[in-house]
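Q: Residue strings, one per chain:
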Amino acid sequence: MKRAYAPGRSLVAALAIVAGLAVPAMADPDEDSLVINGDIEIVTETAAPAHLDGISTIYSGWRFRGDGTQAMQMDDFDNPGMLGVAAAEEVWQAVDGSAGESCASCHGDATEMRGVKAVYPKWNEEAGEVRTLEMQINDCRETRMGAEAWGYTSGGMTNMVALLASVSRGVPVDVAIDGPAQSAWEAGKEIYYTRYGLLEQSCANCHENSYGMMIRADHLSQGQINGFPTYRLKNTKLNAAHDRFKGCIRDTMAETFAPGSDEFIALELYVASRGNGLSVEGPSVRN
Amino acid sequence: MADNVKPRVKVPKSASAGEAIVIKTLISHPMESGQRKDSSGNPIPRSIINRFVVDFNGENVIDMTLEPAISTNPYVEFSATVPESGEFTFTWYDDDGSVYTDTQSISVA
Amino acid sequence: MNFTRRQSILTGLGAAVAAFLPFRAFAAVEDNIAEFTGGAEPGSGGITLTAPEIAENGNTVPIEVSAPGAVSIAVFAAGNPTPAVATFNFGPLAASQSASTRIRLAGTQDVVAVAKMADGSFVSDRKEVKVTIGGCGG
Chain F
8 MKRAYAPGRS LVAALAIVAG LAVPAMADPD EDSLVINGDI EIVTETAAPA
58 HLDGISTIYS GWRFRGDGTQ AMQMDDFDNP GMLGVAAAEE VWQAVDGSAG
108 ESCASCHGDA TEMRGVKAVY PKWNEEAGEV RTLEMQINDC RETRMGAEAW
158 GYTSGGMTNM VALLASVSRG VPVDVAIDGP AQSAWEAGKE IYYTRYGLLE
208 QSCANCHENS YGMMIRADHL SQGQINGFPT YRLKNTKLNA AHDRFKGCIR
258 DTMAETFAPG SDEFIALELY VASRGNGLSV EGPSVRN
Chain R
551 MADNVKPRVK VPKSASAGEA IVIKTLISHP MESGQRKDSS GNPIPRSIIN
601 RFVVDFNGEN VIDMTLEPAI STNPYVEFSA TVPESGEFTF TWYDDDGSVY
651 TDTQSISVA
Chain Z
4 MNFTRRQSIL TGLGAAVAAF LPFRAFAAVE DNIAEFTGGA EPGSGGITLT
54 APEIAENGNT VPIEVSAPGA VSIAVFAAGN PTPAVATFNF GPLAASQSAS
104 TRIRLAGTQD VVAVAKMADG SFVSDRKEVK VTIGGCGG
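Protein chains in written order, with our numbering: chain F, 8 to 294; chain R, 551 to 659; chain Z, 4 to 141.
The shape of chain F in the complex, shown without the other chains (with noise of 0.2 Å):
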């Protein structure tokens, strides 16, 4: 079924035009393009992968924003996200744990990790599990350095990618669905289209069904995550994907999973496979 949504959308700006209300308000991701630093292009529009059967074109996030939140993430100077990765850069080159080993003496210089980012969540062979990029961070940490584990979401995880966000801007989100991983993804998408909390509202009813509309003054987005780690306006730090997930589960007044638990892993994996053809763009800025 495609664009099912449409005639619902289609009469709500009927309505506001009858109402004299700002049609723009209502309407559809703007027409503005991206471009970091007047160097790194963005893809923020384009056609749905194969997979997807409820949406034919997803948008980045950045589309439903503002222009002046928008603004803030062309220039790398004046996205505030930055900080974290600078943050990173030099956590990246410092010997910690007990293998006296950085990153950089295994990766050399953070930008050799370009398109990283937009595979994870990845299934691992040796693990036998869909890994995301925390969790191959910690294992790198504990296995390969000898040092003490982050905490999932903590600063210095959300910051280190970021950092490897990064240096894969402009790389096309292309995560395997197939395969051994496909069990994963399954799960994934039961949870995307479960109704949680009191409120029975699933990720699909905002996010696949409702993007463009107003949730009260905010401009619904697809909740793609190929911007994460965010910094947002609301509480000025760098967010991390699982952080959001669990403010949107809680929104719906429910009991949510927790960061790093199985069920956000496969919903992330899930969630990144919908933005699938749409550029890495963290850190992102959104309000």
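For the record, the hints were derived by calculation from the structure and aren't laboratory data. Errors might be hidden in some of the hints.
Said to hold, decoys possible - Restraint-style ranges between C-beta atoms, simulated for each label pair:
(1) Z/Pro84 to F/Gly104: 29 to 37 Å
(2) R/Thr653 to F/Thr53: 42 to 50 Å
(3) R/Pro593 to Z/Glu33: 53 to 61 Å
(4) F/Val102 to Z/Gly110: 44 to 52 Å
(5) F/Glu52 to R/Glu634: 44 to 52 Å
Stated by the list, open to error - Far from chain Z, by Cβ distances over 12 Å, these chain F residues were calculated:
(6) Val50
(7) Pro56
(8) Gln100
(9) Cys113
(10) Met120
(11) Arg121
(12) Gly135
(13) Ile144
(14) Thr150
(15) Ala194
(16) Ile198
(17) Ser209
(18) Asn216
(19) His226
(20) Ser268
In this text the structure is predicted, and so the values were computed from the model without any measurement. All C-beta atoms, glycine included, are put in the ideal place defined by N, C-alpha and C.
On the provided structure of chain F, position chains R and Z as indicated by the hints.
A: Just chains R and Z now, kept in the frame of chain F:
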């Protein structure tokens, strides 16, 4: 001193004499307003950058007073005239008495 | 003093309206401005305050002030618990008397910029910024 306070400035490397250049500055700082309460309901004391001064070769460009209504990670953009080659000094003053500085050279062709 | 029934209702309404006004501190900003101008009433023109009509989040609202020839520009947020926001004093090497920053607004309110000009006069500009409340309480 607040943790992880780090100034960043963006100044062009070169300019022509008398040219107006745009300078951007950002310093990582929580700018705790003094209006918030912690989880047990106790007020969190104010702790902000309260003054920001920029000079070029000892002459003043801008001297700004900041109040708690300035956002976390204070961002300030302004323009300066560069009469000759020299050095910009940037100074941020913290409520707790800490002073953070950065310098940036520019050459005038 | 005897209240008629109608007066009582009106008084009640007034109290209800007052209770629902989001910000009771509008008087405070006038005091702040008077302090900056030494009591002089600012004129208009010669100063531009740029602020979004609608801010996506009140925690980080980009603003810009510009007043060619000003000695200093003070910015106030009329509806904040403490209205003072920032004062920019321009030195001899400021290429223009303008600056941008990011500010916190506690809700929909007027932002006021007042410039002190070289001749000692004052001018001001004022913009209402609507601060939106996100869909999920954010």
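Q: Can you tell me whether the CB distance of proline 593 of chain R to glutamate 33 of chain Z sits inside 53 to 61 Å?
A: violated (27 Å)
Q: Examine each Cβ of chain Z, and state whether all of them lie more than 12 Å from the Cβ of valine 50 of chain F.
A: At about 23 Å from chain Z, valine 50 of chain F clears the 12 Å cut-off, so the statement holds.
Q: Using the C-beta atoms of valine 102 of chain F and glycine 110 of chain Z, is the stated range 44 to 52 Å upheld?
A: holds (48 Å)
Q: Taking 12 Å as the cut and beta carbons as the points, is serine 268 of chain F off the interface with chain Z?
A: holds (21 Å)
Q: Beyond 12 Å on every Cβ pair: is that true for asparagine 216 of chain F relative to chain Z?
A: Answer for asparagine 216 of chain F: holds, closest chain Z Cβ roughly 14 Å.
Q: Looking at serine 209 of chain F again, its CB stays over 12 Å from all of chain Z?
A: holds (14 Å)
Q: If I take the minimum Cβ distance from isoleucine 144 of chain F to any residue of chain Z, is it greater than 12 Å?
A: Given that every Cβ of chain Z is farther than 12 Å from that of isoleucine 144 of chain F, nearest at about 28 Å, it holds.
Q: Would the least Cβ to Cβ distance between threonine 150 of chain F and chain Z come out above 12 Å?
A: Holds, because the least Cβ-Cβ distance between threonine 150 of chain F and chain Z comes to about 38 Å, which exceeds 12 Å.
Q: Does the claim that cysteine 113 of chain F lies outside the interface with chain Z hold up, using a Cβ gap greater than 12 Å?
A: For cysteine 113 of chain F, whose nearest Cβ neighbour in chain Z is about 37 Å away, the distance exceeds 12 Å, so it holds.
Q: Just checking, alanine 194 of chain F versus chain Z, shortest CB gap more than 12 Å?
A: With a cut-off of 12 Å, alanine 194 of chain F remains clear of chain Z, as the shortest Cβ separation is near 24 Å.
Q: Does 29 to 37 Å hold as the CB distance between proline 84 of chain Z and glycine 104 of chain F, or does it fail?
A: Violated, at about 46 Å.
Q: Quick check: does the Cβ-Cβ distance between glutamate 52 of chain F and glutamate 634 of chain R fall within 44 to 52 Å?
A: Check passed, 48 Å falls within 44 to 52 Å.
Taken one by one, the earlier hints fail for this structure at numbers 1, 3 and 19, listed in ascending order.
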